[in-house]
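Asker: As they're listed, the protein sequences go chains Y and B.
Here the first sequence stands for residues 54 to 427, numbered as in this note's numbering.
Here the second sequence stands for residues 54 to 427, numbered as in this note's numbering.
Honestly, I wouldn't trust all of these hints.
Capping the alpha-carbon separation at 30 Å, the derived lysine-lysine pairs in BS3-like fashion look like this [as the list claims (entries may be wrong)]:
1) Y:LYS167 x Y:LYS225
2) B:LYS425 x B:LYS397
3) Y:LYS160 x Y:LYS133
4) B:LYS133 x Y:LYS349
5) Y:LYS133 x B:LYS397
6) B:LYS133 x B:LYS174
7) Y:LYS413 x Y:LYS425
8) B:LYS349 x Y:LYS167
9) B:LYS174 x Y:LYS349
10) Y:LYS133 x B:LYS349
11) Y:LYS181 x Y:LYS126
12) Y:LYS73 x Y:LYS338
13) B:LYS349 x Y:LYS181
14) Y:LYS225 x Y:LYS158
15) B:LYS397 x Y:LYS349
16) Y:LYS126 x B:LYS349
17) Y:LYS397 x Y:LYS63
18) B:LYS73 x B:LYS126
19) B:LYS349 x Y:LYS174
20) Y:LYS397 x B:LYS133
21) Y:LYS397 x Y:LYS412
22) Y:LYS338 x B:LYS167
23) B:LYS126 x Y:LYS349
24) Y:LYS338 x B:LYS126
25) B:LYS338 x Y:LYS126
26) B:LYS167 x Y:LYS349
27) B:LYS73 x B:LYS133
28) Y:LYS349 x Y:LYS338
29) B:LYS338 x Y:LYS133
So the derived list for chain Y, only partly shown, Cβ under 10 Å to chain B, looks like this [claimed, not checked]:
30) THR89
31) GLN90
32) GLU99
33) THR124
34) ARG127
35) LYS158
36) ASN350
37) TYR362
38) ASN366
39) SER370
40) ARG373
No wet-lab data here; the hints were simulated from the structure.
Each residue gets a CB set at the ideal place from its N, CA and C atoms; glycine is no exception.
Number of protein chains: 2
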Amino acid sequence: MSFTLLKKDKTTGARLGVLKTAHGEVHTPVFMPVGTQATIKTLTNEEVLSAGTEIILANAYHLYLRPGEDTIKRAGGLHKFMSWTGPILTDSGGFQIFSLAVLRKIKKEGVEFKSHIDGSKHFLTPEKVIQFQNLLGSDIMMPLDECVHYPVSRDYVEESLKITHDWARRSKAEHVKVKEADRKLLFGIVQGSSYLDLRKRSAEEIAGIDFDGYALGGVAVGEPRQLIHEITEYTASLLPEDKPRYLMGIGTPPDMLDAISEGMDMFDCVVPTRNGRNGQAFTSKGELQVRNAAFKNDMQPIDESCTCYTCLNHTRSYIRHLFNTAEILGLRLVSLHNIHFYVKLIALAREAIEKSEFKKFREEFRKNYKTKSK
Amino acid sequence: MSFTLLKKDKTTGARLGVLKTAHGEVHTPVFMPVGTQATIKTLTNEEVLSAGTEIILANAYHLYLRPGEDTIKRAGGLHKFMSWTGPILTDSGGFQIFSLAVLRKIKKEGVEFKSHIDGSKHFLTPEKVIQFQNLLGSDIMMPLDECVHYPVSRDYVEESLKITHDWARRSKAEHVKVKEADRKLLFGIVQGSSYLDLRKRSAEEIAGIDFDGYALGGVAVGEPRQLIHEITEYTASLLPEDKPRYLMGIGTPPDMLDAISEGMDMFDCVVPTRNGRNGQAFTSKGELQVRNAAFKNDMQPIDESCTCYTCLNHTRSYIRHLFNTAEILGLRLVSLHNIHFYVKLIALAREAIEKSEFKKFREEFRKNYKTKSK
Numbered sequence: 054m055s056f057t058l059l060k061k062d063k064t065t066g067a068r069l070g071v072l073k074t075a076h077g078e079v080h081t082p083v084f085m086p087v088g089t090q091a092t093i094k095t096l097t098n099e100e101v102l103s104a105g106t107e108i109i110l111a112n113a114y115h116l117y118l119r120p121g122e123d124t125i126k127r128a129g130g131l132h133k134f135m136s137w138t139g140p141i142l143t144d145s146g147g148f149q150i151f152s153l154a155v156l157r158k159i160k161k162e163g164v165e166f167k168s169h170i171d172g173s174k175h176f177l178t179p180e181k182v183i184q185f186q187n188l189l190g191s192d193i194m195m196p197l198d199e200c201v202h203y204p205v206s207r208d209y210v211e212e213s214l215k216i217t218h219d220w221a222r223r224s225k226a227e228h229v230k231v232k233e234a235d236r237k238l239l240f241g242i243v244q245g246s247s248y249l250d251l252r253k254r255s256a257e258e259i260a261g262i263d264f265d266g267y268a269l270g271g272v273a274v275g276e277p278r279q280l281i282h283e284i285t286e287y288t289a290s291l292l293p294e295d296k297p298r299y300l301m302g303i304g305t306p307p308d309m310l311d312a313i314s315e316g317m318d319m320f321d322c323v324v325p326t327r328n329g330r331n332g333q334a335f336t337s338k339g340e341l342q343v344r345n346a347a348f349k350n351d352m353q354p355i356d357e358s359c360t361c362y363t364c365l366n367h368t369r370s371y372i373r374h375l376f377n378t379a380e381i382l383g384l385r386l387v388s389l390h391n392i393h394f395y396v397k398l399i400a401l402a403r404e405a406i407e408k409s410e411f412k413k414f415r416e417e418f419r420k421n422y423k424t425k426s427k
Numbered sequence: 054m055s056f057t058l059l060k061k062d063k064t065t066g067a068r069l070g071v072l073k074t075a076h077g078e079v080h081t082p083v084f085m086p087v088g089t090q091a092t093i094k095t096l097t098n099e100e101v102l103s104a105g106t107e108i109i110l111a112n113a114y115h116l117y118l119r120p121g122e123d124t125i126k127r128a129g130g131l132h133k134f135m136s137w138t139g140p141i142l143t144d145s146g147g148f149q150i151f152s153l154a155v156l157r158k159i160k161k162e163g164v165e166f167k168s169h170i171d172g173s174k175h176f177l178t179p180e181k182v183i184q185f186q187n188l189l190g191s192d193i194m195m196p197l198d199e200c201v202h203y204p205v206s207r208d209y210v211e212e213s214l215k216i217t218h219d220w221a222r223r224s225k226a227e228h229v230k231v232k233e234a235d236r237k238l239l240f241g242i243v244q245g246s247s248y249l250d251l252r253k254r255s256a257e258e259i260a261g262i263d264f265d266g267y268a269l270g271g272v273a274v275g276e277p278r279q280l281i282h283e284i285t286e287y288t289a290s291l292l293p294e295d296k297p298r299y300l301m302g303i304g305t306p307p308d309m310l311d312a313i314s315e316g317m318d319m320f321d322c323v324v325p326t327r328n329g330r331n332g333q334a335f336t337s338k339g340e341l342q343v344r345n346a347a348f349k350n351d352m353q354p355i356d357e358s359c360t361c362y363t364c365l366n367h368t369r370s371y372i373r374h375l376f377n378t379a380e381i382l383g384l385r386l387v388s389l390h391n392i393h394f395y396v397k398l399i400a401l402a403r404e405a406i407e408k409s410e411f412k413k414f415r416e417e418f419r420k421n422y423k424t425k426s427k
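With the sequences and hints as input, model every part of the structure.
Answerer: Following this line, the structure appears as structure tokens:
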């Protein structure tokens, strides 16, 4: 068993656990910074580690196109290629193929698409995606699935689930071809859009295949915030207790705390780096746009309670100047702060669960946190 | 006396010295990374320091426009604004005003120009430029001068020198208004384009005013490489021995070693960061374009003899991938390496002068260094 459930919170669905991977232990709940192209955007590994990061994400689809199989093979896998020594979870890229790639065509066998970079034609099967993730040396692999957007018809979702479930079975079959001692972890992905009965069907089918963990896919693809949490809470209740639960692509700090409360354990999101590059900082008091003219002469750090390099060394005034003059250091400093804030927030949530104070922790956070998002 | 000449090389014009500033000692020869807008492009102060940097450059003209006097004043000066605790030399921005600013008009009193950012009108006098550098708290200030481009008529240069020399005298007069205990260093700038007799006239006039150091301006503004070195060698020979000599805006690694040999002590250049952001790395074996397809599967560091973070942690293959996928980390890693290489090269030159082996050091460097520039 790779996962040990250490504790269940009494007043919420929050859980405390530890996941063993080939490159070290991951303590859950956990936030995983996103390094789509084998780099957490703008940051060095050293900086990502300094935030307390235990595991990062990369994207098999992107790495399959660039740098490609040959380079990854010669480097000796993804860890060596990017010099990251900790655990890596790789997303299959299903989401990217279905949202970014032009002319993608789903067949029973796999998915045909043209590269978003050079228009070259590719055909990926569930087996091929597992093989590539084996080549990457991913600690946690995700199977190819169809990620549908919102809103979508019930009929479409029913047909789509057949493919996703079939691909899940084929992924598992491919995965067990690797001898047990060398085998990494493979998670299953539950789809079903906003149809709760289809989520149930999917959760049962996927759990029946027996994966090392379960992910909730196809959330935050256009549906209202309230619906995301309904789907999350409902689906989490259907998943095996003894396996980690990963909510894909979520979200803002309050979203993550809500999802922990709903029983989810693992999170990834591009928001801290993407928004960071636009000057949006996350703090214990809420969201802050450092480019704002109000900060022109503000000599405080972004967050006075933060211990990241940015907050220990630089003022809002200076960081605003960097954005104002299009200096790359600005993007770095806010991205670094945000990753630090996200990783630290979830670490604090772990502490709170440990002390049986998570409900209070979440409520206090929400009370102090100013946000414009609904 | 702020400058102590420690040693003169016997076989070349190379010198060893130490310059005392309000924020620490600077050992010459020295390379000063350029932080035009109060940031060495893409890098943190910590990274700049890790390269062994003793002093950095900033640009008064740029900082006058953004963030402006008010913000600098409220921050308590440039050091606090950018959190840099070491010495800072600020260029007046004469070069930028004369090359970038639109509709600039030189009058006897000063220079009128429109901001390159928003077209706003400004009038800067030599006095005003010194006052602003006092506000910045610069350890070494440069006076406003007219930097002429190449080629230019002798008549134009003769007229221009009158203004530059007059402004130098007025800058000095403004500078001594600060009481001696608080007074920072002020350098004079020798102009004269490619006319050696005008360089002589300028060197004599400027030296006559008695500055804390002497800079050679208006070089590398379009003239052939050979001519740069003729002007440098000739002018250096006319400058007082007991003051530091600063060659403005030069250059490639071989250029700097040549200029040291010609008797210059201080250097700044945007090349390591500007070219770094384009993927050009400087190494002990010459220049290398990491975006080159040849490096696709090259698992060596940029420079195997280098001890910077980039070379200790990452391969050419990975860095090429970062450039290929437009990832900011690529710009950072090559900029960091280049600054490290430049600062370290000049530190090695200092060691060689110390050991009376500079001539040999320079020849060996040249022998191993492959470059495409003439």
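Asker: Does each hint hold? Answer for all of them.
Answerer: Evaluated hints:
| no. | hint | verdict |
| --- | --- | --- |
| 1 | Y:LYS167 x Y:LYS225 | holds, 26 Å |
| 2 | B:LYS425 x B:LYS397 | holds, 22 Å |
| 3 | Y:LYS160 x Y:LYS133 | violated, 34 Å |
| 4 | B:LYS133 x Y:LYS349 | holds, 15 Å |
| 5 | Y:LYS133 x B:LYS397 | holds, 28 Å |
| 6 | B:LYS133 x B:LYS174 | holds, 28 Å |
| 7 | Y:LYS413 x Y:LYS425 | holds, 23 Å |
| 8 | B:LYS349 x Y:LYS167 | holds, 23 Å |
| 9 | B:LYS174 x Y:LYS349 | holds, 22 Å |
| 10 | Y:LYS133 x B:LYS349 | holds, 15 Å |
| 11 | Y:LYS181 x Y:LYS126 | holds, 15 Å |
| 12 | Y:LYS73 x Y:LYS338 | violated, 34 Å |
| 13 | B:LYS349 x Y:LYS181 | holds, 23 Å |
| 14 | Y:LYS225 x Y:LYS158 | holds, 23 Å |
| 15 | B:LYS397 x Y:LYS349 | violated, 36 Å |
| 16 | Y:LYS126 x B:LYS349 | holds, 12 Å |
| 17 | Y:LYS397 x Y:LYS63 | holds, 23 Å |
| 18 | B:LYS73 x B:LYS126 | holds, 25 Å |
| 19 | B:LYS349 x Y:LYS174 | holds, 22 Å |
| 20 | Y:LYS397 x B:LYS133 | holds, 28 Å |
| 21 | Y:LYS397 x Y:LYS412 | holds, 17 Å |
| 22 | Y:LYS338 x B:LYS167 | violated, 41 Å |
| 23 | B:LYS126 x Y:LYS349 | holds, 12 Å |
| 24 | Y:LYS338 x B:LYS126 | holds, 28 Å |
| 25 | B:LYS338 x Y:LYS126 | holds, 28 Å |
| 26 | B:LYS167 x Y:LYS349 | holds, 23 Å |
| 27 | B:LYS73 x B:LYS133 | holds, 20 Å |
| 28 | Y:LYS349 x Y:LYS338 | holds, 19 Å |
| 29 | B:LYS338 x Y:LYS133 | holds, 26 Å |
| 30 | THR89 | holds, 9 Å |
| 31 | GLN90 | holds, 5 Å |
| 32 | GLU99 | holds, 7 Å |
| 33 | THR124 | holds, 6 Å |
| 34 | ARG127 | holds, 5 Å |
| 35 | LYS158 | violated, 26 Å |
| 36 | ASN350 | holds, 5 Å |
| 37 | TYR362 | holds, 7 Å |
| 38 | ASN366 | holds, 5 Å |
| 39 | SER370 | holds, 6 Å |
| 40 | ARG373 | holds, 8 Å |
Of the numbered hints listed earlier, those contradicted by the structure are 3, 12, 15, 22, 35.
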